[in-house]
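Undergrad: Chains as they are written, first to last, in the working numbering: chain A, 2 to 148; chain B, 32 to 152; chain C, 956 to 1635.
Simulated from the structure, these hints should not be mistaken for lab results.
Take these hints with a grain of salt, some might be off.
[As the list claims (entries may be wrong)] DSS-like cross-link-like pairs, simulated, lysine-lysine; straight-line CA separation at most 27 Å:
1. Lys1591/C x Lys136/A
2. Lys5/A x Lys138/B
3. Lys138/B x Lys1399/C
4. Lys147/A x Lys100/A
5. Lys980/C x Lys50/B
6. Lys1399/C x Lys1591/C
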Amino acid sequence: MGEKYVVFQIGEGYYSIPLEEVSQITRYENVTGVPTAPAFVDGVINVGGDVIPVVNLRTRFALERVELTRKNRVIIVQKQDSRYGLLVDSVREILDLDKDSVAPEAASVFGMKSEFVRGIAKIRDYLLVLLDIFKVLSTSPEIPIKE
Amino acid sequence: MAFRVLLADDLYFMRMVQKEVLEAKGFQIVGEASTGTEAVDMYQELSPDIVVLDITMPEMNGLEAMKRIFAFDPDARIIICSAIGQQNLIVNAINSGIKDFIVKPFKPERLLSAINKALKE
Amino acid sequence: MSFAGLDDKKLLRAFLEEAEELLEKLNDNLLQLEKDAGNPDSINEVFRLTHSLKSESALLGFTRLSELAHRLEDVFDSIRAENLTLSRPLMDAIFSASDLIHEIISRISSGQTDTQIDTRSVIGELKQLAGLGLESEPEEPVETALAVAAASASGELPLKAFHRSLISEALERGEKIYTLTVRVAEEAELKYPRAYLVFNNLEMIANVIQTSPNMTVPQDDRLYERLVLLLSSDLPEERIVAACDVDLIEEPDLEVLDQKRIDELLSRREDGARTVVRTSGSARIESTSVRVDTNKLNEIWQLVGELTIYKAQLSRLHDRLSRRGGNESMKGEVERASDSLERITAEMQQAIMGTRMVPIAVLFNKFPRLVRDLSRKLGKIVELEIQGKDTEIDRTIVEVLSDPLTHIIRNSLDHGLEEPEQRRKANKPEVGRISISAQQQGGKIVIEVADDGRGLDVDKIRKKAGIGSEITDEEAVQYIFSPGFSTKEDVTDLSGRGVGMDVVATRIREDLKGEVEVRSESGSGTLIRILLPLTLTILHSLVISCAGYQYAIPVQDINETVKVTRQNISIQGENEFYDYEGQKVPLLRLDSVLLGPTDENSRIGQENNGVVVEQRRGRVCLLVDELVEEEDLVIKPISELLNHRRLFSGVSVLGDGRIIFVLDTARIIEIIESGGFDGF
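The following block holds chain A by itself, in its conformation from the complex (with noise of 0.2 Å):
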């Protein structure tokens, strides 16, 4: 019996984050732009009356800009009150994980700086970074995730 992840796509690379952390999952529309945020902040969005920034993790990632189609999803994570939207390629599917199939150890893969990552797992046919998403958001903007 392990844990639930949602598993989504960045550019080539395959990503989780723990179901727990998750609130929703939406479409990218009706977001706001918001001149004085950083630039990875593509703007906000108004879910159920609260406000909340839409983190485009493509730009946070430092890889290029692509157009959006229609399997782009907004995740919305949520940490005790604070609630972030994350903005990635496509949702892939929700998986069981159980503890034995991650390795713990990081070893730079896709590039990913070991600070944000809790672990890898090899599923069938690739290979998925478990992400320390609020790690990711509380890092400064300046501060690259990627090597």
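Keeping the supplied structure of chain A fixed, place chains B and C upon it in accordance with the hints.
TA: Structure of chains B and C alone, referenced to chain A:
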């Protein structure tokens, strides 16, 4: 076409009884959850027509699960099972949108009439 | 024992298996409790096990067994709630009960039922030792209440002026007035929640003006066997009756009121205390009436009315679409309807928020009396000063703030202020002073309680908290807020049992997400300052546009809106100033503040819009594009990710979906004062 039901109760026995009662009347039990977390996951995966949700479960309790299910699907049909003395919880749940509540210990007929009424809309 | 045509044998087997397991765990835990009577885990576990056993056996019709398990459950519930301790005799009785359960189960598994076992003596013993069975049922008062309720339907509904105006307004809108009588089936165990299901359904489609018994403050459950509602609606009667179609609710009685009856209701004079008699077991009654501006209510009822129209529209369209697979124009209609629905819901939220705001006077008003009573009791002479009682805050904050604030004041009276004799000796006026103030400041609500008493004993605090000399006095006194700081000995009878400043701080931090700090001067007095976030506060604001986006400026910060032209500005070095009332006020182009200086920053044309804002530190004139409108905005906290330069004090979502950031003018002025925005 049979209505699809998701059962959530941490007691195996309770689920078994509910399952027997409902299947005998033509309902299809598409899933059985024993914790709140399972209930929420299963709701997401299976999209049942109605959920019978016990309030007191380990890990995540029924009310927390109810809130999360409504967050995903505001039109979810939920019937909660409660004990006597949980008036306030029930009223809160009604405000959140449950269709009905059943008080334990309950008679099978009660379960059936509650579900049938709830599915009428 | 038949069971709606189910496979009895299979059920029985499953039941017995689970029961055996439960019993084993029960025994283990009971043995644990023998050795360690206070073990909370075992107590909870036994409670849970007996609860499960009770439910399962009841399901199969083993009523004796269920009753026995129920009694045990009650015993452990009392132990859990610390109303009962495990004595030796009680423990013995519990073991007897457990043995009896064991016997019943083995009899059941050998094909017998549970009716042959005499459980009465064991149950009797438990009741006696545990003091159970003491539920006195005062039949009388309830009977009288029901008799009162049996009087003519609308006659018994307590109507105040407020309700009468709701009736008038409904009539103006062309709605009909009804009385609806709903009965809950006798066999329903919880009548209030059952009635609530109907009440909830009705509230969604009609305007419920009044009910009897009261639905928001629950009375004795039995009284809800019969619920009478006064409501208005323009929907066909079938819809109203359909809303009552809930399980265990009998066919309702719907009556339209004719003009004569309505006139009767409207001409009735203010109703006295026609409340239902309360029985001893009633729920905690809170008085939660709030005086609400009828204009705001009007707004809400109108919006609710519109809402139901769009909802109906939407469901009709949805049906059509799903049946026919829909075409583009239909999809467009659905989208528009649901957009309208969203907009109206948001507007409703704002309107409802408006009715939830109360002046903090609601809270402060009980303090003069409190201070008078307590000071008399303590033999001290005290004067209370209150400021800012018109400051508006959300009702729910008031409820949570009440206790901590009361406690702080009691503390001042008890420990802070000295007796007249001592004050004289210290060359202070005999009359001690306590002042309470509330105001909105820099995006927060600030509440201060100050006294001119003896101040905190810093040395005592240092000693108790074990702080060394590297911590200053100012920091040391904050330790009174650390969890666990106060002990039972500190707390006198008057300050309340076991509630110290640490508990107050926890309440403020956790329940209200606020902060609390203290300032004290030995011999002069103590000041407690509470800061509460502006989460549910409404700010009257000016919405302006700047570089294509809209922002809000709190009206309370604004001196005036002006027209800035080339004629009334002057330049000194790098900086521009606006000539305002004979003085030079720094001129700031808002777009350069927010987005950085560029060539595209607004040029001073013939006329530009300027907003002169003022805070304690100074004034500034902000150059903006347009003055859009004045609005009452519900301000919410803003994520740090969006506010790294801290230029905003909050964000607001308007009814039409616009997301507007609120400028923190104090911060902007602070930046100017300390050298400007070049570091941008």
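Undergrad: Provide an ascending list of the numbers of those earlier hints which the structure does not satisfy.
TA: Going through the list in order, the structure violates hints 2, 3 and respects the others.
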